[in-house]
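Undergrad: From first to last, the protein sequence lines are chains A and B. The numbers in numbering that gives the first Met the number 0 rise by one with no breaks, and the one at position 266 of the first sequence is 265. The numbers in numbering that gives the first Met the number 0 rise by one with no breaks, and the one at position 88 of the second sequence is 87.
Keep in mind the hints are simulated off the structure, nothing from the lab. One or more of the hints may lead you astray.
Here are some chain B residues the structure puts well away from chain A; computed CB gaps all over 12 Å [said to hold, decoys possible]:
{"id": "1", "residue": "Ala-36"}
{"id": "2", "residue": "Gly-60"}
{"id": "3", "residue": "Asp-126"}
{"id": "4", "residue": "Pro-247"}
{"id": "5", "residue": "Glu-281"}
{"id": "6", "residue": "Glu-296"}
{"id": "7", "residue": "Tyr-306"}
Pairs of lysine-lysine, BS3-like flavour, derived with a Cα cap of 25 Å [as the list claims (entries may be wrong)]:
{"id": "8", "chain 1": "B", "residue 1": "Lys-267", "chain 2": "A", "residue 2": "Lys-101"}
{"id": "9", "chain 1": "A", "residue 1": "Lys-101", "chain 2": "A", "residue 2": "Lys-190"}
{"id": "10", "chain 1": "B", "residue 1": "Lys-190", "chain 2": "B", "residue 2": "Lys-232"}
{"id": "11", "chain 1": "A", "residue 1": "Lys-232", "chain 2": "A", "residue 2": "Lys-250"}
{"id": "12", "chain 1": "A", "residue 1": "Lys-101", "chain 2": "A", "residue 2": "Lys-10"}
{"id": "13", "chain 1": "B", "residue 1": "Lys-232", "chain 2": "A", "residue 2": "Lys-232"}
As the structure is a computational prediction, the values presented were derived from the model and not from experiment. Ideal placement from N, C-alpha and C gives every residue a C-beta, glycine not left out.
This is what each chain is made of:
Number of protein chains: 2
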Amino acid sequence: MEPVGIFDSIKVLMDEVETRFYKELQPRTNSLADLIAHISKYKGKRLRPALVLLSGKCLGGIAPQHIDLAVVVEMVHTATLVHDDIIDEASMRRHVESVNSKWGREISILFGDYLFSRGFTILSALDSQVATLLLSQTVNVMSEGELIQLQRRYDIGLSENDYFDIIERKTASLCAASCRLGATFAGANRKVSDILSNYGLKIGIAFQIVDDCLDVMGTEEEIGKSLNTDIQKGKLTLPLIRLVNQLPRNKLETARELIFQHDAKETKNAIIELLTEHDAVEYAFNTAKKIIKQAQEEIAPLPDSPYKTTLMELADFIVTRRS
Amino acid sequence: MEPVGIFDSIKVLMDEVETRFYKELQPRTNSLADLIAHISKYKGKRLRPALVLLSGKCLGGIAPQHIDLAVVVEMVHTATLVHDDIIDEASMRRHVESVNSKWGREISILFGDYLFSRGFTILSALDSQVATLLLSQTVNVMSEGELIQLQRRYDIGLSENDYFDIIERKTASLCAASCRLGATFAGANRKVSDILSNYGLKIGIAFQIVDDCLDVMGTEEEIGKSLNTDIQKGKLTLPLIRLVNQLPRNKLETARELIFQHDAKETKNAIIELLTEHDAVEYAFNTAKKIIKQAQEEIAPLPDSPYKTTLMELADFIVTRRS
Chain A
0 MEPVGIFDSI KVLMDEVETR FYKELQPRTN SLADLIAHIS KYKGKRLRPA LVLLSGKCLG
60 GIAPQHIDLA VVVEMVHTAT LVHDDIIDEA SMRRHVESVN SKWGREISIL FGDYLFSRGF
120 TILSALDSQV ATLLLSQTVN VMSEGELIQL QRRYDIGLSE NDYFDIIERK TASLCAASCR
180 LGATFAGANR KVSDILSNYG LKIGIAFQIV DDCLDVMGTE EEIGKSLNTD IQKGKLTLPL
240 IRLVNQLPRN KLETARELIF QHDAKETKNA IIELLTEHDA VEYAFNTAKK IIKQAQEEIA
300 PLPDSPYKTT LMELADFIVT RRS
Chain B
0 MEPVGIFDSI KVLMDEVETR FYKELQPRTN SLADLIAHIS KYKGKRLRPA LVLLSGKCLG
60 GIAPQHIDLA VVVEMVHTAT LVHDDIIDEA SMRRHVESVN SKWGREISIL FGDYLFSRGF
120 TILSALDSQV ATLLLSQTVN VMSEGELIQL QRRYDIGLSE NDYFDIIERK TASLCAASCR
180 LGATFAGANR KVSDILSNYG LKIGIAFQIV DDCLDVMGTE EEIGKSLNTD IQKGKLTLPL
240 IRLVNQLPRN KLETARELIF QHDAKETKNA IIELLTEHDA VEYAFNTAKK IIKQAQEEIA
300 PLPDSPYKTT LMELADFIVT RRS
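In isolation and in its complexed conformation, chain A is listed as follows (with noise of 0.2 Å):
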């Protein structure tokens, strides 16, 4: 779902976002053209994007290379959306059909890659190679955080601390790095580019916690992507890892077995009840509010103006959203 209203003070910017996203996406051949009229039906919420805008509206001014940068960092985000789905084997997507679902996952892949380096064709006509480097580094820990994510399943080892590595890798990198090249861009020095990427990466840490904890309690209908994905794709998140750390040695094993049993719908409302008596999901429902208040301290010193208003409020929407 949209974050309604948070983004007005950037309306025009994120309408001229969306027109210049499927624009740089007109394929050349037909065998795009459905693949492409399909994620168009993909409404997210436009997270990555407005980081780049707000972080630069915050910091003086907007460059005509925002729009670009804005427009990368949602298709770069894309194609991890659409390599994701394969191997969450996920059938909904921001409310439709996934691209695996639909075209399979050989074209899955395949329409990831068209993504990424369509991405990378729209960073190589900027003037520097800042967005490059920053952009491939950050591709890359993503991948590298899906990776540790996959090879670490059904480890009921697995501490927190893995999990914040993970998450920040696979989802907050990419959010620090949009707010970093939004301040870069609008000619941030060092010091206030690490402010703002050190904001991204909270409230990326944050959401992914609410994501994870969406995905145990919430509903396909409200949320619009396949949920209950993690458990039965043996991921050990937040809540669940609490559960574990907070259940005596005697019933580890119980525990495992339910979490991991292969149908595990079978198994929700018996796995729900163990995260409610242990207030399991309040907890991480907590720890990600409590990472939202350092994002907002993070920005506190900014100079006040309207832009950094919407940054504060949206740290705030991640943690109220329910879908």
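Starting from the known structure of chain A, fit chain B onto it as the hints suggest.
TA: The following block gives chain B in isolation, referenced to the frame of chain A:
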């Protein structure tokens, strides 16, 4: 199999590329160590790095950037191999198990993304965006080529022109880009860079035709990768297109059934018999030889040098290789 002796004129540089390739992939996390150790067993022909270096040498000189570019084209190529092996469900690659077979498709998808992004990080350290632009466009065209091929599986109406369009995109474009980069970074003007790029495009097309012939006729032991995947996956390649074009209308349906039977191993001999009867593989080899001759004519006007001689010999090697 390495083209023994052919790259002697650039041996020192090729060794430098090999060392740099693995140095650039040094993993920061344990998660990647096994994967990288595995692909270090992939002893490929290193055709694309050789094209970068020979094109540069041919036109006067090699800059340190040529080593970077040679490393990147091989990394991009390796990324596409890792993704292609998922699509083809190939179990063998370069005489060892494919990443897909050893680690499964989820890890292969992410490892491919890791390799692509690592390549672009190396490019982002260069002085200009020329290489970022060309290689991102090339990856884009390659993924489009593979997409078109997928969409036209089991399509007996695929023409020779359609086939050439597909292989130009999926294979030849990276060979052309390798030559163009080698030339451009040696200071060649547009006209000379175009000559090298055309040479690369043509040997790339011929290379793929020969690959497709070997997929039908070769043995896995000699060639070191999974074979007959084209027929199993419904890909019509030049020998089969020729066969289809030669058959009378009333035999088409029988041929179609034979070609696309699910267990191709059983019908393999029947197909080879049909191909032989219609000289279809010979036709494909002859087509490749003609294109190689055109490639050699492209570079004939360049000043003579040991490196030009190597490019001439390399072209011959491509159609005489049997593995």
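Undergrad: So, for every hint listed, does it hold in this structure?
TA: Now the hints, each set against the structure:
no.: 1; hint: Ala-36; result: holds, 15 Å
no.: 2; hint: Gly-60; result: holds, 23 Å
no.: 3; hint: Asp-126; result: violated, 9 Å
no.: 4; hint: Pro-247; result: holds, 31 Å
no.: 5; hint: Glu-281; result: holds, 31 Å
no.: 6; hint: Glu-296; result: holds, 29 Å
no.: 7; hint: Tyr-306; result: holds, 29 Å
no.: 8; hint: B:Lys-267 with A:Lys-101; result: violated, 32 Å
no.: 9; hint: A:Lys-101 with A:Lys-190; result: violated, 46 Å
no.: 10; hint: B:Lys-190 with B:Lys-232; result: violated, 40 Å
no.: 11; hint: A:Lys-232 with A:Lys-250; result: holds, 22 Å
no.: 12; hint: A:Lys-101 with A:Lys-10; result: violated, 32 Å
no.: 13; hint: B:Lys-232 with A:Lys-232; result: violated, 28 Å
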